[in-house]
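Residue numbers (the numbering used here), protein chains in the order written: chain A, 48 to 420; chain B, 71 to 395; chain C, 2 to 520.
Among the hints, erroneous ones may be present.
If you anchor each label on the Cβ, the simulated ranges turn out as follows [said to hold, decoys possible]: (1) C:His62 <-> A:Lys406: 38 to 48 Å; (2) C:Gly458 <-> B:Ser272: 53 to 63 Å; (3) B:Ile392 <-> C:Ala271: 22 to 32 Å; (4) B:Leu353 <-> C:Gly267: 51 to 61 Å.
It should be emphasised that the hints constitute simulated quantities derived from the structure, not laboratory data. We put the beta carbon where it would ideally sit given N, CA and C, even for glycine.
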Amino acid sequence: MNQASKPLPVWIDIVVIPLINLMLALSVSIVIIYLIGANPFEAIKLMIQGAFGSSEGVGYTLYYATNFIFTGLAVAIAFHSMLFNIGGEGQAYIGGLGVAVVLLAFDHYLPAWMLVPMALMASMVFGAAWAAIPAYLQAYRGSHIVITTIMFNFIAANLMVYLLVNIFIEPGSMTPQSRPFLDNAWLPSMQAIFADIGIKISESPLNLSFIFALIASFFVWIYVWHTRWGYEMRSVGFSEQAASYAGIKTKRVVMITMLISGGLAGLVGINEIMGVQHKLMLDFVAGYGFTGIAVALMGRNHPVGIIMASILFGALFQGGAELAFDMPIISKEMVFVIQGLIILFSGALTYMSRPWIEKLFCVFYQTRNLREI
Amino acid sequence: MDFFSFNEILSIFSATIRISTPLIFAAMAGIFSERSGVVDIGLEGKLLAGAFASASVAAVTHSAWLGLGAAIVIGLILSLIHGFASITHKGDQVVSGVAINIIVSGLTVVLGMAWFHRSGQTPTLPNDARFMPINLYGVDTISNIPIIGDIYSKLLSGYNLLVYVSFAAVALTYWTLFKTRFGLRLRAVGENPKAVDTAGISVNLLRYKAVLIGGILTGIGGTYISIAQNASFIKDMSAGQGYIALAAMIFGKWKPIPAMFSCFLFGFLEALSMRLQGVSLPLIGEVPVQLIQASPYILTVILLAGFVGRAIAPKADGIPYIKER
Amino acid sequence: MTDSPVAIELKDISKSFGSVQANKNVNLKIYKGTIHGIVGENGAGKSTLMSILYGFYEADHGKIYVNSKETTIKNSTDAINAGIGMVHQHFMLVENFTVLENIILGAESGMMLSHSIANAKNEIRKLEESYGLYVDLNALVQNIPVGQQQRVETIKALYRGAKILILDEPTGVLTPQEADQLFDILRALKEQGTTIVIITHKLREIMRLTDYVSVMRGGEIVTSLKTSQTSKEELAELMVGRKIHLEIDKTPVKPGETLIDVRNLGLTDAQGVKRLDNINFQVKAGEIVGVAGVSGNGQSELLEILSGLSPCSEGKVQISDITITPKRQTDPRAVRNASIAHVPEDRIKRGLIPQFVASETAILGYHNSSAYNGIILTKTEEIRNHCVYLMKNFDVRPNNPDIKSANFSGGNQQKLILAREMEKIPKVLLVGQPTRGVDIGAIEFIHKQIVDIRDKGSAVLLVSGELDELLSLSDRIIVMFDGKIVGQVDASKADERMLGLLMTNSYENKEESQNESSI
């Protein structure tokens, strides 16, 4: 019998169990922080302060969240057709390349209102292209998409080093990065946007991309649940047999899903390259692709859940950076540990707590019924 | 440079062996795990954790052996976590492996920072706290004989102990899988767990044993990376070798000896590409160093794409065993 | 019936899976050194009962006595220790292992394989000689024919010291010759004191082989008899039961144009086994043709080919406007577009997606229709309304399109699928097992709908394991056995006994069936 088959109210499955898993992951993290000799509660306080204590902190939190929404959506949409895309990292990297190619080529000639849509397109096309080969190999050659997408992360990293060192490097510079884009190729920061409407907020990397991320979430929601293509995608994910009964071409669905997934991951390039760095550089993806896995699992592959999980992870990253500054004994990589634990508890041990909750629920239910009598 | 000289070829081969060693340990670990029906993406994380544990313990105790012991213990612990999630709780094996990789990648840096106060590194080890090259018997006298002497001293002798252990591990894996009762049951449980269950053997226990053996092997592999091949732990130093080992295992069709040779293939390619660095080849010109560095990953993709013959995985690989109606 | 000591006694065994009661208060005595047959229709609870005896499932309550001693059997090890061995319907063999490796798996005599192998060879040779169980020990299981594989299963059980051997549908996969050999082996085993329990629904085998026979129906043992004191006819009646016929008002058949025309259809599977062999039949507009047969005799393959799910390897099919040949394949979408509807046999795996809400299941296969789609967005309201409409027409309860498909009862799931497939009055309706796992009330309703659509002019091909269903719905009945059509009868002239004999290939009056098929 399937472990998840006993009837419990829906809210237990979509609210209580994810929260319990999150708590378990955080508890283990607290133990680790304690073991390395730091005060976990002090650390938590510092993290919360760092993430939400100032408008600058909030800005940073949402800036990180922007990346996680993109990569989280990328992982989630692939999960809907039972594909595990671990290649968000590489797809985001190449997406950034696409943005830089467009902006470096046209920033002298075209106005901002034309550059923005072009860069958006480029990030998605490049990201999708990087997902296309693993997708093809999965659909038509049966190679394991998990391993091929990971390999494409490594290949992307080497490709980008090559391109930056040999092609994009600013003449005369020693650091492998491109020339900065002209001002018209910068995505407006939230500070500037808010200033235009007369609200003053602190400076932070938060930029227009955050709005794009929310729009992307909306589109994913529409696509997955309100189009026939999303219907076919979910059919393939739930039951390949039923999908082929329904006349759905499952291999094609796998391809399309992965292309969308790669395109979403590629949008990280808009936030990082066009919104924050304003030049092409090395390692700007910094693990955001992997965080997308945790975000998708925690957000239960739903855009609303993903936005919430992304803000949580944004806070973890921002708070973690502040924490590493204030408590040098805890390095900023602690957030990766937390992230991994969340993947473990909400992805692989999802229903560990379910039998306990079932028992608890039964006891509660019975006593309530008794009272009613 | 005389690229095709005898000495040059010998040195490429011996570099091949050095590079292949951790791949071999991880590939054997993968074989045990997947032959029992448990996919182990977490090989990467276990290698990295082993590398960190051995380098840390060796740095504190100045004993390579204690370092090795620590790495094995960590390998076992991570295997237990993977088993708990994917065998006991029938969770998604790939997700569990990915989680382990991410946790380890972060935790090694966090602990390194807390213990040694360097970001993502352990102190450089003195030679007596490492596994150092050992000379085989009579290498000094034999090395004077032309050709045979060179082969003996440069290709067979002069590796550290763990290299020889890796060969032993291959032999032992082969022997265990194909010559013992345990191996027979292990292979059966990866093919048809129901057959094993109806024969009165515990499926879960067998799978746990297999995964734990994998933990030991990856622990040794990790030790090799940090305190034999190198002299300290460096952040993310496993650099995808766990995944490459998985690919080598698949390419070796889940068999120990072919898997070892596919590890050699990866090792050779990397050794060769290291040699090619800065060399201008006829027709092609100078090969970019990044292409050389990416070559194992590209090769992995090509091999997995089945262009070199289709591989048939153990039938129950990756499927949790659930008694169903 | 107390001529020899009792090897196994089951007392009040009950087992349910969720809401389905598979075994209900089963009492059974099996005498030592006899061959005891257990017969019953699909889903009568035979396999569950034997799985309980072999420790694969635990009974909810009841007691098991082995050699008059109460025995707890919690897992297969307990069963093996109690001297019980089982030859499963789906062999429990590791396909890429050798025969010998399969035999010793779990019963090795030491740490080292070489030692176990040497020991085993001697013992297996003894078994071979005593019972005529010859197999090539070094061959890979995947390379030997099924009949041989079954011997391996038998040797496996005997090698573990089984004194009581259970065989679950042993002849389902065997050729008649292989079956004869098996029976010789079983008789030899019996001669030397082994107790044998054989599950089957082939009555001829029961008559030929067994000493005692128990009939199961609806999870219960109806009766246990001495084989010599009963007949095929009696057993067939007991098996099927005297069900009250759901009389359906059916107008005389008015066949129209031919809508399904199957000629020389054949299918050879990846293992080289012929699953369908020279199938020929037609179905005309306005008639229901039933396909009878014990499951696994090619009916499922036939449905899959006709519905475009899998290709054929020989022959030609003309169905509605679609032509299917080995070279010219089709797909489910094209089939649907040609006004062919398909209610699949396995409703959970194919007919619906359990995780989808009812309204989503209600458009499965028709989801591309412009009725449910704008340029980009699906028309959620239309889909819901459509589902409500289907639910109302087909009396699906609860009448709520937002409930997950998995949470409807089997009958209501099936009604929803039928509603979906019948709504547009297709030219051809392919139906597989329309009432499997469906409650009585829903059965009646479903039957009425199927007859209704026939009267509206659809050509209906009905595959079912329920004989009374076939008899009351069909105008003609095709009987399949071992991938071939072994009889075509006019439904009004057929009865359950006759069909039961035909589908177990034990009908003697060949002349009659040939006469019938010329209709």
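Taking the hints in turn, this is what the structure says about them:
Checked against the hint of 38 to 48 Å, the C-beta distance between His62 of chain C and Lys406 of chain A comes to roughly 23 Å, which is inconsistent with it. The hint said 53 to 63 Å for the Cβ distance between Gly458 of chain C and Ser272 of chain B, and at roughly 59 Å that hint holds. Evaluation of the 22 to 32 Å hint for Ile392 of chain B and Ala271 of chain C yields a pass: the beta carbon distance comes to about 26 Å. Judged by the Cβ atoms, the range 51 to 61 Å given for Leu353 of chain B and Gly267 of chain C holds: they are separated by roughly 56 Å.
Against the hints set out earlier in the document, a violation occurs for number 1 only.
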